[in-house]
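Chains A and B, in that order, give the protein sequences. To convert a position in the first sequence, counted from 1, into my numbering, add 2. To convert a position in the second sequence, counted from 1, into my numbering, add 378.
Rather than coming from a laboratory, the hints here were simulated on the basis of the structure. Hints are supplied without guarantee of correctness; some may be wrong.
[Claimed, not checked] To give a feel for the contact side, a few chain B residues facing chain A, derived at Cβ under 10 Å: (1) 416; (2) 422; (3) 423; (4) 581; (5) 584; (6) 594; (7) 595; (8) 600; (9) 606; (10) 614; (11) 617; (12) 647; (13) 648; (14) 649.
As the structure is a computational prediction, the values presented were derived from the model and not from experiment. The C-beta atom is built at its ideal place from N, Cα and C for all residues, glycine as well.
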Amino acid sequence: MAPLLQVENLSAGYGGVKIVRDVVFNLHENEVLGIVGESGCGKSTMVKAIARLKGMNTEILSGNIRFKGQDLSTLSKEKRRKIMGEDMAIIFQNPEASLNPSRKIGHQFLETMQNHRGAVRWSEMRDNAAEIFNKIGLDEVDRILDAYPFQLSGGMAQRVAVALAMLLKPKLILADEPTSALDTTVQKQVVEEMLALKKSLNTAMIVISHNMGVVGKMADTIAVMYGGRIVEIGCKEQILNAPAHPYTKALLSAVPKLGAGLPVGLKGRPPHFSCIKEGCGFYDRCIYCTEKCASYNNVACEIRKDHWVLCGRKEIYA
Amino acid sequence: MYKSIAKRLLQFIPVLLGITFMTFALMAIAPGDAATVRLSAGGTTPTPEMVAALQAEMGLDRPFTLQYFSWLVNFLSGDLGNSYFGNTPVMDKIFQALPFTLMMAALSMVLTLAVSIPLGIYTAVRRDKWDDFLIRGLTFVGNAVPNFTIAILLIYFFALKLRWFPVLATRDPIGAILPAVTLAIVMSSRYIRQVRAAVLDELAKDYVVGARARGIKEKTILYKHVLKNVMVTIITLTAISIGSLLAGTVVVESIFNWPGLGSMVMEAIGRRDYPVIQGFVVWVAIAYMMVNLIADISYTWFNPKIRDI
Ligand SMILES: Nc1ncnc2c1ncn2[C@@H]1O[C@H](COP(=O)(O)OP(=O)(O)OP(=O)(O)O)[C@@H](O)[C@H]1O
Ligand SMILES: [Mg+2]
């Protein structure tokens, strides 16, 4: 079966500065791809390049994005609009980014349905919303639909945003740190509810998170990003239990574990995007680094089935 | 809600007292005096005795606090006094001029909103395109040119050259059109810029990208989301404009010889006709406060976060 989303050699950035570099991956129906990497490595930029909405300011510098086999860049504005919400949806970090603070939540649900399905009555929207609210732990359907976003708690508002993204049962959801604004207990709940919802609707997802726990729980596949590149991608078990890339190893050892000592941090800062050249981007922070790494041309190598690594020193993971 | 409206209405009382007292005080310290002006109207210079006699007759020789107090007592019983000239009740004079002022205020306000809301939105959507530059250039000119110049140009072209309107058509509703257009040109120049800025501000908000992510049409985003939030700006602008329009517009009214409140008060000031000036001030104060109250009430309608005024 053809993948739902094919990202081919995608490079993207802002105002001519390249942030995301040569990203390649496929996402199949029903699959959850988790993206990890330290702050500023280009995770959000990659997701924005896929959605490419007016106001996100992200430029695609090269490469292709195919969704359901169609090249998104060749579609008309109206076709792109119809895909958004109906087939592809976004969950933002903050509910403020999803919901207009001065319109009632019910109206925003209703207009989402009406903009895709024509004349939809409030009662019909209410039934749809109630079904999703139910699965995501929101009772009091009518009170919420009749409220303004600022009248809900942060956790509730974010759940509403999740429900709104799921309203039309999209095939793909892009979630950029969907739970980072919540406190840890609520975070766990929302993650579980999103997973349950995802299962019942068979949605594929791309989930960005700083939290290894969230990614470990939700993802089937994990991609590790560094300096705008995907440096390692593979199924969750492989990445978590047998990481190959030196950066992934460093990242995993930086996750605090109960009962273990302090995590081992990674020295130094990630490179500045304007000065990334060819060669390995992790070069100056890598403990396995050798002379030839500086000029190593980045070609991903498949070390096991569907487990790709972007590192020239085969001897360290072979 | 009703409670806070009642509270606001009660606050009118001290404001009104303060404003009328201040006007009274200013008139008392201003140079020139009503009796002299009235006696010199015939072209002769009055003797000091004649002036003193008339001052006593008009009650102007009393201490000014006493004058204010007696004015206040009359005002509370609904009497604003009589004009010094022709003895017409001030109330009658105001009600004579008011319809003309209201007509022009309504006409110019409707014209302004009808032009500047669509153009403000349009220039925001077409930001930095040639038509945005063109319209913004025109609003810049409209802002910089004084209103009497605009009035004279309009008279020259539409009354003298094209003969669509009479040059001096006082009292006839058709005479309201050119002065109203003059005011509308000046106000629209400001409004278009402000509406444009407010729309751009709103379009930059996060929720707009969020709405696009749900596949909401640009038109819906503009008219159902953005415009609702921009209405607050528009109401503020409108309230300020209506307030000053209800006071009459001196320059434009005198150019077009339009018998509104502006003309009335200019004449009264020239003649030191204190009761008329005082009556005018009362009207302006009440009009401003009412307009602001209505504006504040309508804010709550467009911005649900404001629930108390
Ligand atoms: N709108 C923008 N305009 C210009 N540069 C931007 C913009 N957004 C992000 N960047 C830059 O792009 C780089 C990558 O940012 P991005 O937001 O993709 O990182 P991220 O991996 O999502 O980080 P975080 O985990 O902190 O969210 C950063 O250097 C950032 O400064
Ligand atoms: Mg981010």
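These are the hints, each one checked on the structure:
Of the supplied interface hints, the one on residue 416 (chain B) is violated, with its beta-carbon coming no nearer than about 58 Å to a beta-carbon of chain A, more than 10 Å. Checking residue 422 (chain B) against chain A by beta carbon gives a least distance of about 68 Å; that is not within 10 Å, so the hint is violated. Interface hint at residue 423 (chain B): violated, since its Cβ lies 67 Å from the closest Cβ of chain A, which is beyond the 10 Å cut-off. Residue-level restraint check for residue 581 (chain B) holds (minimum Cβ-Cβ distance to chain A is 8 Å; threshold 10 Å).
Look at residue 584 (chain B): its Cβ gets to within about 4 Å of chain A, closer than 10 Å, so that hint holds up. With a cut of 10 Å, the hint placing residue 594 (chain B) at the interface with chain A holds, because the nearest CB-to-CB distance is about 5 Å. For residue 595 (chain B), the shortest C-beta to C-beta distance to chain A is roughly 6 Å, which falls under 10 Å, so the interface hint holds. Because the closest C-beta pair between residue 600 (chain B) and chain A is about 12 Å apart, greater than 10 Å, the hint is violated.
At a threshold of 10 Å, the smallest CB-CB gap from residue 606 (chain B) to chain A is about 6 Å, leaving the interface hint in force. With a cut of 10 Å, the hint placing residue 614 (chain B) at the interface with chain A is violated, because the nearest CB-to-CB distance is about 16 Å. With its C-beta approaching chain A no nearer than about 19 Å, residue 617 (chain B) sits outside the 10 Å limit, and its interface hint is violated. With 10 Å as the threshold, the beta carbon of residue 647 (chain B) stays out of range of chain A, its nearest partner Cβ sitting at about 45 Å, so the hint is violated.
The interface hint given for residue 648 (chain B) is broken, as the beta carbon of that residue sits about 50 Å from the closest beta carbon of chain A, more than 10 Å. About 52 Å separates the beta-carbon of residue 649 (chain B) from the nearest beta-carbon of chain A, more than 10 Å, and the hint is not met.
Consistency with the previously given hints fails for numbers 1, 2, 3, 8, 10, 11, 12, 13 and 14, ordered from lowest to highest.
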